[in-house]
Amino acid sequence: DAKTTQPTSMDCAEGRAANLPCNHSTISGNEYVYWYRQIHSQGPQYIIHGLKNNETNEMASLIITEDRKSSTLILPHATLRDTAVYYCFQMNYGGSQGNLIFGKGTKLSVKP
Amino acid sequence: KAGVTQTPRYLIKTRGQQVTLSCSPISGHRSVSWYQQTPGQGLQFLFEYFSETQRNKGNFPGRFSGRQFSNSRSEMNVSTLELGDSALYLCASSLRLPGLNTGELFFGEGSRLTVL
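Protein chains in written order, with the numbering used here: chain B, 165 to 276; chain Y, 2 to 117.
Hints are computed from structural coordinates only; laboratory data are not their basis. We treat Cβ as the ideally placed atom computed from N, Cα and C, and that holds for glycine. A few of these clues could be false.
[Claimed, not checked] Distance windows between CB atoms, simulated:
(1) B:N221 <-> Y:T54: 29 to 37 angstroms
(2) Y:S28 <-> B:S189: 18 to 26 angstroms
(3) B:E230 <-> Y:T21: 27 to 35 angstroms
(4) Y:Q55 <-> B:Y196: 19 to 27 angstroms
(5) Y:G41 <-> B:N187: 35 to 43 angstroms
(6) B:T190 <-> Y:S80: 44 to 52 angstroms
(7) Y:S23 <-> B:E230: 43 to 51 angstroms
(8) Y:P62 <-> B:T169: 45 to 53 angstroms
(9) B:N187 <-> Y:S23: 18 to 26 angstroms
(10) Y:T54 <-> B:N187: 32 to 40 angstroms
(11) Y:S80 <-> B:P185: 21 to 29 angstroms
[To be verified] Calculated pairs, DSS-like style, for lysine-lysine (alpha carbon to alpha carbon, straight line, at most 27 angstroms):
(12) B:K233 <-> B:K216
(13) B:K216 <-> Y:K14
(14) B:K216 <-> B:K275
(15) B:K167 <-> B:K271
(16) Y:K58 <-> B:K167
(17) B:K216 <-> B:K268
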């Protein structure tokens with residue numbers, strides 16, 4: 165079973181910020197939080213990852229709570245092309261990818 | 002830089018047959034992992050290979066097997082196909098080295114298998 169929980173679906177207006185939450189209450193000290201997304205009929209695409217500090221790249225920002233039990237992925241200006249299923253998961257540093265468990269993800273629908 | 006290439010993209014088989022899927026990782030990536038994705042079960046881990054060695058295996062029956070070659074290309078095989086094996090099979094490669102870094106995964110487009 166997935167170690168993370170995410171809402172099943174979310175809507176966002178085009179041009180507005182999309183804030184996608186993820187709970188990872190069992191995360192251990194050496195596990196990173198990763199976010200990927202999957203656009204219909206394509207392979208998952210890496211977005212961002214972090215350990216305990218907030219992270220930002222050209223795609224998104226990742227806000228991790230101080231206790232690391234939850235995080236929020238922020239797409240600052242959502243576009244129609246951001247419509248996808250977003251997966252958050254935890255993966256330990258250098259460990260086997262057998263620990264990689266994608267949950268059901270959040271289906272984000274960006275609407276005009 | 003070419004991405005992860007999976008072949009074939011689509012295939013149809015009948016129950017009892019076997020299938021071999023191929024994955025060519027990004028040049029320089031030595032870590033390859035395989036996943037099965039179905040609407041009901043989501044994305045499930047199958048195996049992970051690094052330097053021709055299987056590092057870990059998911060909870061799938063022995064009908065599912067894989068291997069990695071010296072050039073890091075990988076294949077997976079499913080024997081005695083069942084209807085429930087119909088799925089999108091995804092391969093991912095990374096620079097992830099055992100115990101050294103948290104290299105991101107680069108996924109291919111997948112091989113969509115339909116078992117009739």
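Now for the hints, and whether the structure bears them out:
1. The hinted window of 29 to 37 angstroms between N221 of chain B and T54 of chain Y holds, with their beta carbons roughly 32 angstroms apart.
2. For the pair S28 of chain Y and S189 of chain B, the supplied restraint of 18 to 26 angstroms is violated, since their beta-carbon distance comes to about 39 angstroms.
3. The given range of 27 to 35 angstroms is broken by E230 of chain B and T21 of chain Y, whose C-beta atoms sit roughly 48 angstroms from each other.
4. Roughly 23 angstroms separates the CB atoms of Q55 of chain Y and Y196 of chain B, a value that falls within the hinted 19 to 27 angstroms.
5. The hinted range of 35 to 43 angstroms is not satisfied by G41 of chain Y and N187 of chain B, whose Cβ atoms lie roughly 22 angstroms apart.
6. Separated by about 36 angstroms at the C-beta atoms, T190 of chain B and S80 of chain Y break the suggested range of 44 to 52 angstroms.
7. Checking the proposed 43 to 51 angstroms range against S23 of chain Y and E230 of chain B shows it holds: the Cβ atoms sit about 45 angstroms from each other.
8. Checked against the given bound of 45 to 53 angstroms, the beta carbons of P62 of chain Y and T169 of chain B, roughly 28 angstroms apart, lie outside it.
9. The hinted range of 18 to 26 angstroms is not satisfied by N187 of chain B and S23 of chain Y, whose Cβ atoms lie roughly 37 angstroms apart.
10. Roughly 35 angstroms separates the CB atoms of T54 of chain Y and N187 of chain B, a value that falls within the hinted 32 to 40 angstroms.
11. Checking the proposed 21 to 29 angstroms range against S80 of chain Y and P185 of chain B shows it is violated: the Cβ atoms sit about 42 angstroms from each other.
12. Of the pairs offered as hints, the one joining K233 of chain B and K216 of chain B holds, with about 10 angstroms between alpha carbons and a cut-off of 27 angstroms not exceeded.
13. Annotation: proposed proximity of K216 of chain B to K14 of chain Y is violated, straight-line Cα distance about 46 angstroms (limit 27 angstroms).
14. For the hint linking K216 of chain B to K275 of chain B, the alpha-carbon distance of about 32 angstroms lies beyond 27 angstroms, and the restraint is violated.
15. Our distance criterion of 27 angstroms between C-alpha atoms is met by K167 of chain B and K271 of chain B, whose separation comes to about 18 angstroms.
16. For a cut-off of 27 angstroms, the pair hint linking K58 of chain Y to K167 of chain B stands: about 18 angstroms separates their Cα positions.
17. For a cut-off of 27 angstroms, the pair hint linking K216 of chain B to K268 of chain B stands: about 24 angstroms separates their Cα positions.
When each numbered hint is compared with the structure, violations occur for hints 2, 3, 5, 6, 8, 9, 11, 13 and 14.
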